[in-house]
Amino acid sequence: MLNYAIKELLHRCRSYLLNVIVIGLVTAMVITLSCLGVAYKEAARLPFKDIQGTIIVQKNGNVPEIVSGVLLSCSLAPIHQDAVTAISKIDGAQDISSALSLWVFDADHFKRVVGVNWQDNYGKSLSSRVIEGAAPVTDQEVVVDKTYAGNNSLRVGSKVAVAGSQFSVSGIIGMAGNEIVAGDVYLNLAVAQDMAYLSKNLQAVEKVDKTDVNLIFINAGQQNLALVTQKIKQNLNDQDTNAGQTPLGQTIGNYNIYTPDTFEEQISTVLKLSDKLTWVISLILFIGACLIIARNTLRMVLERRKEFGVLKSVGYTGRDIQKLIGMETTLQVLTGFVVGLLLTGIAVFILSKTTVSIAIPWELSAYPHFLLANPEDANVVQTHFLPIRFDLLPVLATFLGVVIVGLVTAFLTTWQINKLKPMEILKYE
Amino acid sequence: MNSIVIVEHISKTLGDIRVIDDVSLDVKKGEFLAIQGPSGSGKTTLLALLAGLEKVDTGSISVGEQDLTSMSEDQLALFRRSNVGFVFQSFNLIPTLNVVENIALPLFPTSVPATEIFDRATKAAIAVGLTERLKHYPNQLSGGEQQRVAIARSLINNPQVIFADEPTGNLDTKTGEKIIELLRQLNREKNQTFVLVTHDDHIAGESDRIIKIVDGKIGE
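Here the protein sequences line up with chains L and F, keeping their order.
Using our numbering, the letters of the first sequence correspond one by one to residues 148 to 576.
Using our numbering, the letters of the second sequence correspond one by one to residues 2 to 221.
Where hints are given, some of them may not hold.
[As the list claims (entries may be wrong)] Computed cross-link-like contacts, DSS-like style, restricted to lysine-lysine with a CA-CA straight-line distance of at most 25 Å:
id : chain 1 : residue 1 : chain 2 : residue 2
1  : F       : K124      : L       : K154
2  : L       : K566      : F       : K124
3  : L       : K154      : F       : K136
[What the hints assert, rightly or not] Covered stretches of chain F, going by a simulated chain L footprint (3 or more residues, C-beta under 8 Å):
id : region
4  : 49 to 62
5  : 71 to 85
6  : 184 to 190
It should be emphasised that the hints constitute simulated quantities derived from the structure, not laboratory data.
Note that beta-carbon positions come from the ideal geometry of N, C-alpha and C, so glycine has one too.
Could you build the full structure based on these sequences and the hints that come with them?
As structure tokens, then:
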């Protein structure tokens with residue numbers, strides 16, 4: 148019977164080709180859409196790889212009146228230790244790292260300085276990117292960014308002045324320059340905290356303690372991310388409603404919480420689809436496929452009326468014909484699915500060569516735009532190849548979908564055939 | 002001779018027309034019976050009723066001690082598969098299957114092993130003189146050869162009766178005579194029972210007995 152089914156499909160390949168193409172296209176579109184959705188989520192996480200976390204917490208602060216000496220970058224507010232402690236008590240908040248990002252307006256030139264705890268996750272991540280020398284061991288040592296080092300002829304062992312103090316360069320760090328919290332000079336957190344604490348210009352606008360930070364990185368994992376983010380917002384955002392706004396329109400004293408979702412919303416492309424929209428489009432595609440295949444199959448039943456009449460006359464029962472149709476449908480569905488997988492493979496390959504651009508919020512990679520000839524140059528954009536790949540789940544889900552299409556087709560076909568009376572067909576054909 | 006087909010007072014109405022009207026007859030085992038009648042007399046419908054392709058409205062038909070009147074559609078299909086063969090005027094071969102596969106068609110849904118199916122089909126093809134045409138497709142065969150395939154297909158399940166509806170109707174006279182000769186040969190050599198519908202007096206003359214049907218009734 149399988150031989151019969153195969154021969155029938157080959158004989159009427161033009162008619163069945165439409166079914167195979169429809170199944171193939173629907174398979175390719177649904178899997179590709181689903182893989183795209185996952186890829187954009189993955190892309191939104193890429194900037195977070197640098198900080199070894201999934202949540203970033205900052206606090207909006209006041210703009211200093213005098214821009215000189217040591218200031219918190221981007222007019223951020225200091226985050227006191229009680230807030231760090233409160234975050235550490237939230238279930239699911241793991242691997243909490245903190246840093247202090249400073250703008251240092253020295254007499255020689257401006258520097259972006261980041262105070263780092265080299266023992267936490269963020270610090271370890273930075274240490275791993277030291278390409279020459281080593282991370283600071285003492286408070287008198289710093290590592291400098293390779294571009295900054297190049298521009299200022301610094302090497303390991305060179306001296307560099309920051310906020311009036313001399314430091315020895317213990318290492319060169321290989322940063323791309325567009326990471327979250329990119330700096331020129333990286334030093335021990337306690338040293339940066341002292342600089343901030345002693346800054347009169349800073350203390351004039353914010354009450355800075357010796358243990359304050361202005362960046363908190365939290366690793367909440369993908370599953371707990373939404374819950375932990377919500378709890379952080381609930382715990383921290385109890386600011387004074389009359390606190391005013393920053394030049395960017397953010398509420399002063401309010402905490403900004405960044406997650407991969409923040410970046411996902413930024414990735415503007417017509418191909419970016421929400422999960423719900425992907426499901427709706429997939430459903431519409433499957434229904435459309437069902438209708439096209441059903442129409443084509445019913446037309447085929449009419450063309451093959453005489454053949455089914457012959458089969459019935461020689462003793463084929465309804466179940467026998469169902470089996471034959473089931474085989475023919477299975478062969479079409481499997482062929483269509485394989486074609487769909489091949490098309491998906493091509494689509495995934497092409498899409499993997501495309502790039503996505505992710506704009507890093509200015510507060511996360513702050514450079515004082517007023518120092519630049521073109522303020523737009525302060526905007527930092529990360530460009531990544533779209534991390535799209537074949538995912539098993541959408542493949543299985545789509546396979547289930549095409550099997551359902553096949554079952555519906557087989558059912559409709561058999562239902563139509565069983566209504567045929569053999570003698571009525573054969574007598575008048 | 003024992004009766005293999007027993008028909009008692011059957012009637013069949015199609016639409017508003019009473020196509021078969023209180024017909025009774027019997028067919029003996031090994032008999033070569035011809036049913037003759039003008040167009041529209043109901044002979045093809047009678048043949049379809051005897052073969053279990055149609056159901057009677059009233060009366061009863063039994064073939065080889067099996068009562069067809071109480072059978073469901075699927076039971077009738079299984080009955081046809083095991084007990085009867087049918088030869089059509091227009092051959093009704095499957096164009097996508099070759100000669101051997103067309104002959105084997107009734108056995109595909111059975112539990113008979115594939116090798117045995119094709120062995121039996123090949124022997125049946127050889128028996129009807131198609132030794133040189135085993136792998137040919139219907140469109141590569143003459144009308145006479147196609148009808149031979151149809152006859153071999155009707156024989157493949159060793160039926161109790163073979164029903165033939167105008168088996169020479171689409172053939173030229175010479176080829177038609179050869180087909181009737183073949184049916185007669187099978188009848189004599191294998192004691193195979195045949196019931197055939199024809200309007201051709203010459204073919205009817207070759208039969209053991211002729212039943213004439215007019216306006217759905219058996220005439221003398």
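Against the structure, the hints come out as follows:
no. : hint              : result
1   : K124/F <-> K154/L : holds, 23 Å
2   : K566/L <-> K124/F : violated, 35 Å
3   : K154/L <-> K136/F : holds, 14 Å
4   : 49 to 62          : holds (count 4)
5   : 71 to 85          : holds (count 8)
6   : 184 to 190        : violated (count 0)
In summary, the numbered hints that this structure violates are 2, 6.
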